[in-house]
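Undergrad: Sequence:
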Amino acid sequence: MTTVDQTRAFPVRLLESGSAAGAIAAAFLATAANEPRVISFDMGGTTAKICLVEDGRPHIKHEFEAGQLEKFKPGSGLPLKLTVVDMIEIGAGGGSIAAVDDLGLLKVGPRSAGSVPGPVAYRHGGTEPTVTDSDLLAGYLDPDHFLGGELSLALPDVRRALDRLGAQLGVNTQTAAIGIQDLVIENMAAATRMQLAEKGRDPRAYSLTAFGGAGPVHAYALAKRLKLPRIIVPAGAGVMSAFGFLVAAPAVDDVRGYPTSLTSADWDKVASLYADMEARARRHHENRARPW
Numbered sequence: 007m008t009t010v011d012q013t014r015a016f017p018v019r020l021l022e023s024g025s026a027a028g029a030i031a032a033a034f035l036a037t038a039a040n041e042p043r044v045i046s047f048d049m050g051g052t053t054a055k056i057c058l059v060e061d062g063r064p065h066i067k068h069e070f071e072a073g074q075l076e077k078f079k080p081g082s083g084l085p086l087k088l089t090v091v092d093m094i095e096i097g098a099g100g101g102s103i104a105a106v107d108d109l110g111l112l113k114v115g116p117r118s119a120g121s122v123p124g125p126v127a128y129r130h131g132g133t134e135p136t137v138t139d140s141d142l143l144a145g146y147l148d149p150d151h152f153l154g155g156e157l158s159l160a161l162p163d164v165r166r167a168l169d170r171l172g173a174q175l176g177v178n179t180q181t182a183a184i185g186i187q188d189l190v191i192e193n194m195a196a197a198t199r200m201q202l203a204e205k206g207r208d209p210r211a212y213s214l215t216a217f218g219g220a221g222p223v224h225a226y227a228l229a230k231r232l233k234l235p236r237i238i239v240p241a242g243a244g245v246m247s248a249f250g251f252l253v254a255a256p257a258v259d260d261v262r263g264y265p266t267s268l269t270s271a272d273w274d275k276v277a278s279l280y281a282d283m284e285a286r287a288r289r290h291h292e293n294r295a296r297p298w
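In this note's numbering, the protein residues as written are 7 to 298.
These are calculated hints, taken from the structure and not from any lab test.
No false leads were slipped in.
Cross-link-like lysine-lysine pairs, in silico, DSSO-like; alpha carbons within 30 Å at most:
{"id": "1", "residue 1": "Lys275", "residue 2": "Lys87"}
{"id": "2", "residue 1": "Lys113", "residue 2": "Lys233"}
{"id": "3", "residue 1": "Lys87", "residue 2": "Lys205"}
{"id": "4", "residue 1": "Lys233", "residue 2": "Lys67"}
{"id": "5", "residue 1": "Lys87", "residue 2": "Lys67"}
{"id": "6", "residue 1": "Lys205", "residue 2": "Lys233"}
{"id": "7", "residue 1": "Lys67", "residue 2": "Lys230"}
{"id": "8", "residue 1": "Lys113", "residue 2": "Lys230"}
{"id": "9", "residue 1": "Lys275", "residue 2": "Lys67"}
{"id": "10", "residue 1": "Lys230", "residue 2": "Lys205"}
{"id": "11", "residue 1": "Lys113", "residue 2": "Lys205"}
{"id": "12", "residue 1": "Lys67", "residue 2": "Lys205"}
Produce the entire structure from the sequences given, and follow the hints as far as they go.
TA: In structure tokens form, the structure reads like this:
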């Protein structure tokens, strides 16, 4: 949580704030569930993100790249020196489009149907099959009781869209849907393994907290692929980022520069710099905007 004045002064700190709030919510729930090690799995309409949570705190880092053009390739985005929640993008979202690439192979994403026109199943004009459409054909979604019954999904339209994709691949409709599922899950599992390996962690020691619009749908398949022992799906999984903002603690970042050699450092000046940062942080904390 921060203040309006701080946000105006440093708008760059709002980057990825929604995803970060989801990870904070996962940390809050992990504490409530007495889970010391959790993988936060947030899968929405466009992307999926993971964050490692240990002892009730999401992992933090002090730099990241915004808008990476190539996943997992350092230097392909805009480098920023900020304190951020350490998350990686691990795959497609519910609206990611499945298509055949130039080599004749199935590819899911990065193109997305977005909210308009959205997946074929939503009846809003979408014609290209998406992950959500494969979820419907695979039986993971109830066409007559989606969004609590507020939206009826177009199963016949989805079947026709996946028929066309299957014909391009030389497989039947059901195989095309299963192929989309397998590709998405394997991409997410591979990225998660990479993140855990880089930190020297064993995935079998973690539980999976799944949320976002599509997270709970794919949680079991991802947990099975990673050999995770437990899945936690919170009530209200689709609004966990909003919940994360409500349980987030106030935070203050401040930096001072004092280039000098250690042999000639003025330690009284160093102490005064620390004191000034502490005073500013306390004022910021006292004046922070409260959401309630």
